[in-house]
Amino acid sequence: MAVENTKTTDHKSTRKLWRDFQRPILIAGAVCAIGLVLAGDYPLSFLAGPIAPALAIGLCITLLSTLALTGRFMAGAYDEHELYGFMYGQAIASGIVMYVYMFWYLLWRGAFLPEPSHLAMFLSLFGLSGLIYLFKKYT
Amino acid sequence: MVEDDAPRRAPKMSPRERKYWGTLAACAVLGGIIGFAMAFTGMLDSKDPTAMLYSNAALPRNLALVIAALWGLGLPIGCLFYHHYADEQDQHAYLWACTMGWYIFVVLTPTWWLLGRGGLTPPVDIGVIFLVSMVVNALVWLWKRYV
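Chains as they are written, first to last, in the numbering used here: chain A, 1 to 139; chain B, 140 to 286.
Rather than coming from a laboratory, the hints here were simulated on the basis of the structure.
Honestly, I wouldn't trust all of these hints.
[As the list claims (entries may be wrong)] Using C-beta positions, here's what the derived DEER-type ranges look like:
#1 A:123 to B:271: 18 to 24 Å
#2 A:139 to B:197: 43 to 49 Å
#3 A:71 to B:264: 22 to 28 Å
#4 B:209 to A:123: 26 to 32 Å
#5 A:127 to B:223: 43 to 49 Å
[What the hints assert, rightly or not] As a list, the in silico DSBU-like pairs of lysine-lysine whose alpha-carbon atoms are at most 35 Å apart:
#6 B:151 to B:283
#7 A:136 to B:151
#8 A:137 to B:151
#9 A:136 to B:283
#10 B:158 to B:283
#11 A:137 to B:158
Model, not experiment: these values are computed from the prediction.
All residues carry an ideal CB built from backbone N, CA and C; glycine is no exception.
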C-alpha cells in the first residue's frame, strides 16, 4: 500500500514537473525561431541561407537538449492512454513520411514535381503528429 | 508414445498466418520490382556500379509515373492487409518501430539542417535521412518482434 502511494505521489509530481516544463519548451522554441530569423539577412532566411557556425551549434544544442528533456519528462508523466496516443501520432506521421517522400521523390525524378523539401516535410508532418496525438487524447 | 515416435514437423501455419506472410511477400516482391526498375535505369546511365543505388538522375517520365503509381497504390493496400492480418505483438512492434523511425527523422532533420546552414556539414539530404529512418524502423520492428 505504501509503495502504491509513493508511486502515485511520484507520478503526480512528474506530471507537475512536465506541466512546469512545457513553458520553457515553448520559450526555447521561440528563441530558436527568433535567433534564426535575426541571424539572416532578411526574414525569409529562416528557410535558407548561411548562418554563423557558432549559432548553428548553439541552436543544435538547445534543440537536442530540449528534445532529450522532453522525452525524459514525458515518459514519466504520461499515462498509458496518453502514451498510446503519442506513439500512434508518431507512427502515423512516420508512415506518411514513408509514403509521401518516396512518392514525391519518384515524381521529382520523372520531372513532374520540384525536388522534395526537407523543411516542408518536417514542418507539416511534425504538426500532423501533434494533431493526431491531440485527436487520440481528447476524442 | 505414438506421438513421441512420430517425426517432428514444423507446426502448420494458420490461414491468418499464411495471409500475413503472403502480404509481406507481396510487399517484398513489389519493392523488388520498384528497386530493380530504378537500379536498372541507373545502370544504363552510368558504368559506375554505385550509380545503380545512389543515382538521382532523371527517370523516363512514363517509368517514373508507373513506379510512383505502384508505390502510391501498393503501400496503402499492403498496409491495409498487414494491419488486418498482423497479431497484437506485431502491431505493438510496428508502433514502436514507427515511433523510433520518427524520432530519427525528427532529430536528424533539424540538426543536419542547422549544421548545414552553419557550413559545418554538407547541405541536408532528406533522402539519406529517409533511408536511415527506414533502417531504424526495420531494425526496431525486428527487435520487438523476434527478440
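We went through each hint and held it up to the structure:
For the pair residue 123 (chain A) and residue 271 (chain B), the beta carbons lie near 19 Å from each other, so the given range of 18 to 24 Å is met. Taken as a hint, the range 43 to 49 Å holds for the pair residue 139 (chain A) and residue 197 (chain B), whose Cβ atoms sit roughly 45 Å apart. A hinted range of 22 to 28 Å holds for the C-beta pair residue 71 (chain A) and residue 264 (chain B), which are about 25 Å apart. Roughly 28 Å separates the CB atoms of residue 209 (chain B) and residue 123 (chain A), a value that falls within the hinted 26 to 32 Å.
The hinted window of 43 to 49 Å between residue 127 (chain A) and residue 223 (chain B) is violated, with their beta carbons roughly 29 Å apart. Between the alpha carbons of residue 151 (chain B) and residue 283 (chain B) the distance comes to roughly 24 Å, so the proposed pair stays at or under 35 Å and holds. Straight-line distance between C-alpha atoms of residue 136 (chain A) and residue 151 (chain B) comes to about 38 Å, which puts the hinted pair past the 35 Å bound. In summary, the hint linking residue 137 (chain A) to residue 151 (chain B) is not supported, as the alpha carbons are separated by about 41 Å, beyond the 35 Å threshold.
Under the criterion of a C-alpha separation no larger than 35 Å, the hint pairing residue 136 (chain A) with residue 283 (chain B) is consistent with the structure, at around 24 Å. Taking the CA atoms of residue 158 (chain B) and residue 283 (chain B), the gap is about 21 Å. The hint holds against a cut of 35 Å. With a CA separation close to 33 Å, the supplied pair residue 137 (chain A) and residue 158 (chain B) stays within the 35 Å bound.
Against the hints set out earlier in the document, violations occur for numbers 5, 7, 8.
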